[in-house]
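J.: Just add 7 to the spot in the sequence shown (first one is 1) and you have the numbering used here.
Any given hint could turn out to be false.
Unchecked claim - Distance condition first, Cα-Cα at most 30 Å in a straight line; then the derived DSS-like pairs of lysine-lysine:
hint, residue 1, residue 2
1, Lys-119, Lys-71
2, Lys-118, Lys-161
3, Lys-149, Lys-231
4, Lys-193, Lys-66
5, Lys-66, Lys-149
6, Lys-71, Lys-193
Because the hints were derived from the structure by calculation, they are not lab data.
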Amino acid sequence: GQAVEFNLKKVVVKSGSAAIIRASGVTLAGGEAVALDGELEEKREPVGNREDRYSGTIKFYDTKKGFGYVCLDAPLPDVEEAKVIREEVLGGEAIPLAQGLAIEFGLYRNKKGAVCTCDVTLPGGETISRDVAEGRQYLGNKRYNGTLQWYSAKNSIGFIVPDQFTAMPKAAQQKSTEAAQRAADKSQQEVFEGLMFHRRDKTDPNSRIDVGAKVSFNIFVDHKNAGATNVTPS
């Protein structure tokens with residue numbers, strides 16, 4: 008058998024009763040696309056030739072729901088946009104595809120006749136990493152200090168309030184302020200300026216970090232936020 012990489016996704020069969028675990032985002036080791044089984048391939052109706060590749064930009068994409076649409080750079084006679092689903096994005100995880108992101112893909116029609124993408128990559132065939140999809144820029148190797156204000160164990164997401172906000176790089180200050188304003192507008196409550204972080208962002212999975220703990224970290228910015236990475240207890 009072939010060695011593959013994949014994500015695990017829990018699917019609830021009946022609320023409060025049972026759930027199953029499914030593999031998603033399956034690729035060969037290293038992120039290369041897995042050739043479709045012949046039977047599945049035959050069920051797909053390709054748009055053009057099966058080997059044809061197309062380019063376009065993301066119109067919108069809902070990361071939680073795992074689907075969105077892409078606008079073709081060169082529209083076909085009856086196809087101007089196509090559906091993008093998470094399972095066809097070659098990146099190895101639930102990648103948040105930002106509006107305007109340039110991608111490359113194959114096209115096929117599903118059972119209902121809708122045009123969908125397959126084997127979605129960056130232009131040129133490179134798999135889509137989270138860093139690229141989010142437009143991440145790591146702001147040097149300097150370490151900063153702060154306090155873990157809250158942490159969601161369910162989502163593995165936390166929020167850090169830096170000890171000295173004005174000591175952070177200007178780009179991080181601006182992104183943090185903008186994100187806090189958006190959150191305040193949405194919740195109609197005061198929101199502190201700070202940094203989001205996720206366990207997968209180069210944080211030691213074996214280190215326990217409790218709410219209220221002092222932490223040390225590096226900083227990055229992306230399309231929407233400023234974030235902390237390499238988070239460790241200080």
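J.: If a hint holds in the structure, say so; if it doesn't, say that too.
T.: Each hint, compared with the structure:
1. Distance hint between Lys-119 and Lys-71 is fulfilled; the C-alpha atoms sit about 23 Å from each other, no more than 30 Å.
2. Between Lys-118 and Lys-161 the CA atoms are separated by roughly 36 Å; this puts the pair beyond 30 Å, and the hint is violated.
3. Proposed proximity of Lys-149 and Lys-231 is supported: the alpha carbons are some 22 Å apart, at most 30 Å.
4. For the suggested pair Lys-193 and Lys-66, the alpha carbons sit about 23 Å apart, so the restraint of at most 30 Å is met.
5. Taking the CA atoms of Lys-66 and Lys-149, the gap is about 36 Å. The hint is violated against a cut of 30 Å.
6. At most 30 Å may separate the alpha-carbon atoms for a hinted pair to count; Lys-71 and Lys-193 meet this at roughly 18 Å.
Against the hints set out earlier in the document, violations occur for numbers 2, 5.
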